[in-house]
Amino acid sequence: MPAAPPAPGASSTEAVIEAPEVRLIGIGKRFPGVIANHDVEVTIRPATVHALIGENGAGKSTLMKILYGVQKPDDGTIEVGGTERSFRTPTDAIGVGIGMVFQHFMLADNLTALENAVLGAEKLHGIGDKARAEFESISERYGFGLRPDVLVEKLGVADRQRLEILKVLFRGAKVLILDEPTAVLVPQEVDALFANLRDLRAHGHSILFISHKLDEVLAIADDITVMRRGTTVGSAVPGEVTKQELAEMMVGSELPSPETSESTVTDVVQLSLSGVTLTDDAGRDLLSDISFDIHRGEILGIAGVEGNGQAELVETVMGMRRLTSGRILLGEEDVTDWDTRRLRESGVGYIPEDRHRHGLLLDSPLWENRILGHQTRPPSVKGPWINRSGARKDTRRIVDEYDVRTPGIDTVARALSGGNQQKLIIGREMSGDPVLLIASHPTRGVDVGAQAAIWSHIKRARHDGLAVLLISADLDELIGLSDRIEVILRGRMVGTFDPAGVTPKDLGAAMTGGGEA
Amino acid sequence: MNSLKRVGFALLAPVIAVLIAVLATSVVIAASGSDSSAGDFWSVILSKPDNRLLVNILNQTTMIYLAAVAAAIGFRMGLFNIGVEGQYLLASYTAATFAGAALLPGALNIMATLVIAMAVGAIWAGIAGILRTTRGVSEVISTIMLNSIALILVGYLLDRYGLHGGNQVRTKDLPESSQLAGWLPFERPDGPIWTLGLLAVAVGVGFWVLLNKTRFGFDLRATGLSQTAAVASGIKVDRMVLISMLLSGAVAGLIWMPAYFGSAHTYGTTFQAGLGFTGIAVALLGRNQPVGMVFGAVLFAFLSTQSNTLTFQTDISPSIVQITQGVAVLAVVIAYELVRRYRIRLEQRTVARARTAPVQEVTA
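Line by line, the protein sequences give chains P and L.
Numbered as in numbering that gives the first Met the number 0, the first sequence ends at 516 without a single skipped number.
Numbered as in numbering that gives the first Met the number 0, the second sequence ends at 363 without a single skipped number.
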């Protein structure tokens, strides 16, 4: 660690900045077919680090955008320093001292650090010596160690992040929103960032720290607010709460009523991974020695905190990444070296995590989306030709059977709500008698009605002998659907659980590494 | 959405763009302080072309259309083949050299020459494709550079191996047995409609069939719409990049062939440069659609040809139509985006209306 973190209130040589208290009261935001936020309550006390935690899709980003004036809430109010405020643009938010540091840096590589800080804020301190003096004084006050004249392209990730923070301070922000700031940093850099944040706090700034990494949250936060399914589900104070308890709050502890449907698991192995290892370009293991079997009629659930190798596992099984070592069998066949198309042709269905990026052609009509991923199989094609009438007819079938609410099959996919887009994808991937379904967060961001429908489709297919690999951040979903749950942590399988007897607490402990560290 | 509405939406953007272009051109003419007014300009441009110009417009349309298809093949999958210019330059020179050598008799010579033109265009484009798939070099950069290389290469080869006569250098003349003048719709001095203009028809139909009817076309469009979704659906994007570049280059190789076999018969000062860039503009104007680009090609050919008469009847420079063309392309890109957004909003509203009734049931 580069510098010992100063205690709050100490070591400030200059006037302490008074950050206002920020309160979000009853915030709600709806998008077509999705409730992104409802009844959100957060209070950020002055001069504190306030952590906002929750799984991806829990509604954190929407909330941040509302607080920063990018989006307008449908319900609720924002109070800053006791006064009700409504932000039309980020400029309004920065006007009352709220600034945001985005996860993806917004810097111009070919400009210097100083130019980047000044860009768009020329009115505040001019573009000359005054701006330079302000830049240097901020950099010095918080120990950023940034030189004004260095080109941004020469800066490393940690320095770029400090520059982003400096940019926001340069604009006079007293409350800083940091969106998963540690996602791009290595551990030593995280320590340095935390030292900077403690410095900022000591000078009177407040920080809203968004993360799903519980260790970090416990290390830096004064207050913690937990979000799940679009709303705040609880708050906690570090020291009075354990990592496991936080994990439980994040993923939900209400167990669904136990599934009474009898097991349909057969003895026939449909998918078998042995010793699957995936290494990135830098030589780090993304997946280490993963082995499991999925039988016909079985749903294997993968539990884990987001970013522990789930996405890599799915892409490896789907043939989108080449494994470094290990073997994958589909039925009797060795498919280790097969590409995605060949796997799909042999009956692997795929519900991708991000349906907009991987599952749909948003600007194409539904019937063309029916063809996607099935370009080589009837009824979409006949030899090298597209079978338009066959594809259209089968799209109508999917729309009926899967209750996709749409005016017609010529509607573009983008026009549908998230739930209906997802139902179309499920219907498509269940077509052509798949033998294996890879379902990645199948109900993320869909409304309750669609969720129940999707669950029943998956259960029915399992009953018909489908093998399912289910990845989900929603423990209710995992426990409710799976026949067996494997926990993944840092690219390794760290435990097997029977969903009939498991508690979210057990899962939470395993997902975060249990007692270790 | 019914088909009438669909057509309406497809036409909306180009119509707006052309109107803006007309307006901008008029403003420029008025501001330039010339003796002729914008009214004079439009009355000349919009006057009925005489027979010679009609033939000329049609012949230019076929070549511009070929260039537009060449560019569109890349555009439809998100590849910016800016190198159509260099590809057809090199292909035209090579083809003219081969055909002039008369190694094969009559029609056989024509067919072999067309194959060679396509092959050379494809190879030149393929270099950019290979650089992109193996080394990650942006095809925009590499094709621009290949344009310059092609220009220098052809200049060198022509100077070294061409026939020198006076100030001019050219390839050997095409033997008469391989010439394909075409059909004379009017008097002899008005000139013929080139036979190989039919290539544009064939390529246009082929492009339409490829895009809309074949699996390959679907893969191509899918890759252009969303590379990530394409990968997840099993499309090998690298392979698609290479094949599209080859196809694009092959079509580019054909661009000048109607003129060569129709009237030029030699590569030299007769060569018409710049069609590659015109093709890119027309592809944008026609939204990379086989039918849309026909209109774009006609418009560009019409404006360029008609502008030649400006010098006789007004004191406005013919170059002014380049402003019309440029503004039209710029405006159309913006107009398409606006129309697209409007259309999505409209569709979303339709969808919302369709689901208002049953959506209540989910509140359990």
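To be clear, the hints were calculated from the coordinates, so they are not data collected in a lab.
Since the model is a prediction, treat every value here as computed from it, not as a measurement.
Certain hints may be false.
Claimed, not checked - The calculated EDC-like cross-link candidates involving lysine to aspartate or glutamate, where the alpha carbons are at most 16 Å apart (straight line), are:
#1 P:K122 with P:D108
#2 L:K235 with P:D409
#3 P:K64 with P:D178
#4 L:K4 with P:D409
#5 P:K212 with P:D266
#6 P:K242 with P:D505
#7 P:K392 with P:D409
#8 P:K153 with P:E114
#9 P:K381 with P:D353
#10 L:K235 with P:E344
#11 P:K64 with P:D108
#12 L:K235 with P:E179
What the hints assert, rightly or not - Have a look at the derived ranges for each label pair, beta carbon to beta carbon:
#13 L:G205 with P:D108: 20 to 30 Å
#14 L:F79 with P:T88: 29 to 39 Å
#15 P:T90 with L:I148: 25 to 35 Å
#16 L:A111 with P:D432: 22 to 32 Å
To be verified - Covered stretches of chain L (chain P as the covering partner; in silico rule of three or more C-beta atoms under 8 Å from a C-beta of chain P):
#17 31 to 38
#18 224 to 237
Ideal Cβ positions, reconstructed from N, Cα and C, are used throughout, including at glycine.
Results for each hint:
Among the hinted pairs, K122 (chain P) with D108 (chain P) is inconsistent with the structure: their alpha-carbon atoms are about 22 Å apart, more than 16 Å. Between K235 (chain L) and D409 (chain P) the CA atoms are separated by roughly 27 Å; this puts the pair beyond 16 Å, and the hint is violated. About 10 Å separates the Cα atoms of K64 (chain P) and D178 (chain P), which keeps this hinted pair within 16 Å; it holds. For the suggested pair K4 (chain L) and D409 (chain P), the alpha carbons sit about 13 Å apart, so the restraint of at most 16 Å is met.
With a C-alpha separation of about 38 Å, the suggested pairing of K212 (chain P) with D266 (chain P) is violated against the 16 Å cut-off. The suggested pairing of K242 (chain P) with D505 (chain P) holds, with an alpha-carbon distance near 12 Å, which does not exceed 16 Å. Proposed proximity of K392 (chain P) and D409 (chain P) is supported: the alpha carbons are some 12 Å apart, at most 16 Å. Proposed proximity of K153 (chain P) and E114 (chain P) is supported: the alpha carbons are some 14 Å apart, at most 16 Å.
For the hint linking K381 (chain P) to D353 (chain P), the alpha-carbon distance of about 30 Å lies beyond 16 Å, and the restraint is violated. For the hint linking K235 (chain L) to E344 (chain P), the alpha-carbon distance of about 14 Å falls within 16 Å, and the restraint holds. A C-alpha spacing of about 25 Å is found between K64 (chain P) and D108 (chain P), which places the hinted pair above 16 Å, so the restraint is violated. Taking the CA atoms of K235 (chain L) and E179 (chain P), the gap is near 33 Å; set against the 16 Å cutoff, the hint is violated.
Checked against the hint of 20 to 30 Å, the C-beta distance between G205 (chain L) and D108 (chain P) comes to roughly 43 Å, which is inconsistent with it. For the hinted restraint 29 to 39 Å between F79 (chain L) and T88 (chain P), the CB-CB distance of approximately 34 Å keeps it satisfied. In this structure, T90 (chain P) and I148 (chain L) break the distance hint of 25 to 35 Å, their C-beta atoms being roughly 49 Å apart. In this structure the supplied range 22 to 32 Å is violated for A111 (chain L) paired with D432 (chain P), their Cβ-Cβ distance being about 50 Å.
Given a C-beta distance limit of less than 8 Å, the hint that chain P covers the stretch 31 to 38 of chain L is violated, as 0 residues qualify and 3 are needed. Counting residues of the stretch 224 to 237 of chain L whose CB falls under 8 Å from any CB of chain P gives 10; the rule of at least 3 is met.
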